[in-house]
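All chains, full assembly: derive it from the sequences and hints.
Heads up: the sequence lines are chains A and B, in that order.
With the first letter of the first sequence counted as 1, position 74 gets the number 74 in our numbering; the numbers rise by one all the way through.
With the first letter of the second sequence counted as 1, position 82 gets the number 1082 in our numbering; the numbers rise by one all the way through.
A portion of the hints provided could be inaccurate.
[To be verified] What follows is a list of derived Cβ distance ranges for each label pair: (1) F39(A) x G1029(B): 27 to 35 Å; (2) S1070(B) x E59(A): 25 to 33 Å; (3) E59(A) x N1030(B): 17 to 25 Å; (4) P8(A) x N1030(B): 36 to 44 Å; (5) Q1045(B) x H7(A): 16 to 24 Å; (6) R116(A) x K1077(B): 28 to 36 Å; (7) S1026(B) x T17(A): 35 to 43 Å; (8) G61(A) x G1016(B): 39 to 47 Å.
[As the list claims (entries may be wrong)] Below, simulated DSS-like cross-link-like pairs (lysine-lysine); rule was C-alpha separation at most 27 Å, straight line: (9) K1077(B) x K1022(B); (10) K1077(B) x K41(A); (11) K64(A) x K1101(B); (12) K41(A) x K1101(B); (13) K1058(B) x K1101(B); (14) K1101(B) x K20(A); (15) K55(A) x K1101(B); (16) K1101(B) x K66(A); (17) K20(A) x K1022(B); (18) K1022(B) x K1069(B); (19) K55(A) x K41(A); (20) K1069(B) x K1049(B); (21) K1022(B) x K1058(B); (22) K1022(B) x K1101(B); (23) K41(A) x K1049(B); (24) K64(A) x K20(A); (25) K55(A) x K20(A).
Hints in this document: simulated from the structure, not taken from any laboratory.
For each residue, glycine too, the CB sits at the ideal point set by N, CA and C.
Each chain, letter by letter, is given below.
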Amino acid sequence: GAVVSQHPSWVICKSGTSVKIECRSLDFQATTMFWYRQFPKQSLMLMATSNEGSKATYEQGVEKDKFLINHASLTLSTLTVTSAHPEDSSFYICSVPTGGTSGRVRDTQYFGPGTRLTVL
Amino acid sequence: AQSVAQPEDQVNVAEGNPLTVKCTYSVSGNPYLFWYVQYPNRGLQFLLKYITGDNLVKGSYGFEAEFNKSQTSFHLKKPSALVSDSALYFCAVRGGGTASKLTFGTGTRLQVTL
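Quick look at the structure:
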């Protein structure tokens, strides 16, 4: 069965609006979750690491005020794309490491099904 | 910095034939290597990983991968391809250290035809 779920699976919005994407860990409590972005025909780019109980860690070049991350509980992380513009259109995927915690390099990451965001 | 190279954008193979999807990596220290598969408009599904031990790793759906330290490679293989194997395959690596992130290759599209 699915280990990680995402909602919504797709969303279309107008430019200037904000969109919230939810990522849920179904099988275990997750103190760490990862958010990726995938452009068409390209690889996954890590955007940020979501940490339960503390601020998210953003990768270089990712605007933290643009992409708000809230790790609300041990099973839920949300990514809010604020004031979305067409260039934010992409496929957003979250992942959860084995056991729900980071820190072990041998951990497998389990990925959600992704959310397709289209900004008009 | 760690990196992954998947030199082939696309691999074409006939059903029933063996397939190989190539991956080479660069990382400091011991590598932790992963293969994922992605179907259209879906997230990534874990196939297999190499952490330590036997160089030949067996994974889901009949796939296997061979770790070659001297060639810094981790090629994905399957003895007999199925049309349903057609998808996008990503190789990924993590280096040593708890702060090490998962770095993905650019992906290889596998097309299996009848």
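Quick rundown of the hints versus the structure:
no. : hint                           : in the structure
1   : F39(A) x G1029(B): 27 to 35 Å  : 30 Å, holds
2   : S1070(B) x E59(A): 25 to 33 Å  : 32 Å, holds
3   : E59(A) x N1030(B): 17 to 25 Å  : 24 Å, holds
4   : P8(A) x N1030(B): 36 to 44 Å   : 39 Å, holds
5   : Q1045(B) x H7(A): 16 to 24 Å   : 19 Å, holds
6   : R116(A) x K1077(B): 28 to 36 Å : 31 Å, holds
7   : S1026(B) x T17(A): 35 to 43 Å  : 41 Å, holds
8   : G61(A) x G1016(B): 39 to 47 Å  : 45 Å, holds
9   : K1077(B) x K1022(B)            : 9 Å, holds
10  : K1077(B) x K41(A)              : 22 Å, holds
11  : K64(A) x K1101(B)              : 19 Å, holds
12  : K41(A) x K1101(B)              : 22 Å, holds
13  : K1058(B) x K1101(B)            : 24 Å, holds
14  : K1101(B) x K20(A)              : 25 Å, holds
15  : K55(A) x K1101(B)              : 18 Å, holds
16  : K1101(B) x K66(A)              : 22 Å, holds
17  : K20(A) x K1022(B)              : 37 Å, violated
18  : K1022(B) x K1069(B)            : 14 Å, holds
19  : K55(A) x K41(A)                : 31 Å, violated
20  : K1069(B) x K1049(B)            : 15 Å, holds
21  : K1022(B) x K1058(B)            : 16 Å, holds
22  : K1022(B) x K1101(B)            : 21 Å, holds
23  : K41(A) x K1049(B)              : 23 Å, holds
24  : K64(A) x K20(A)                : 14 Å, holds
25  : K55(A) x K20(A)                : 17 Å, holds
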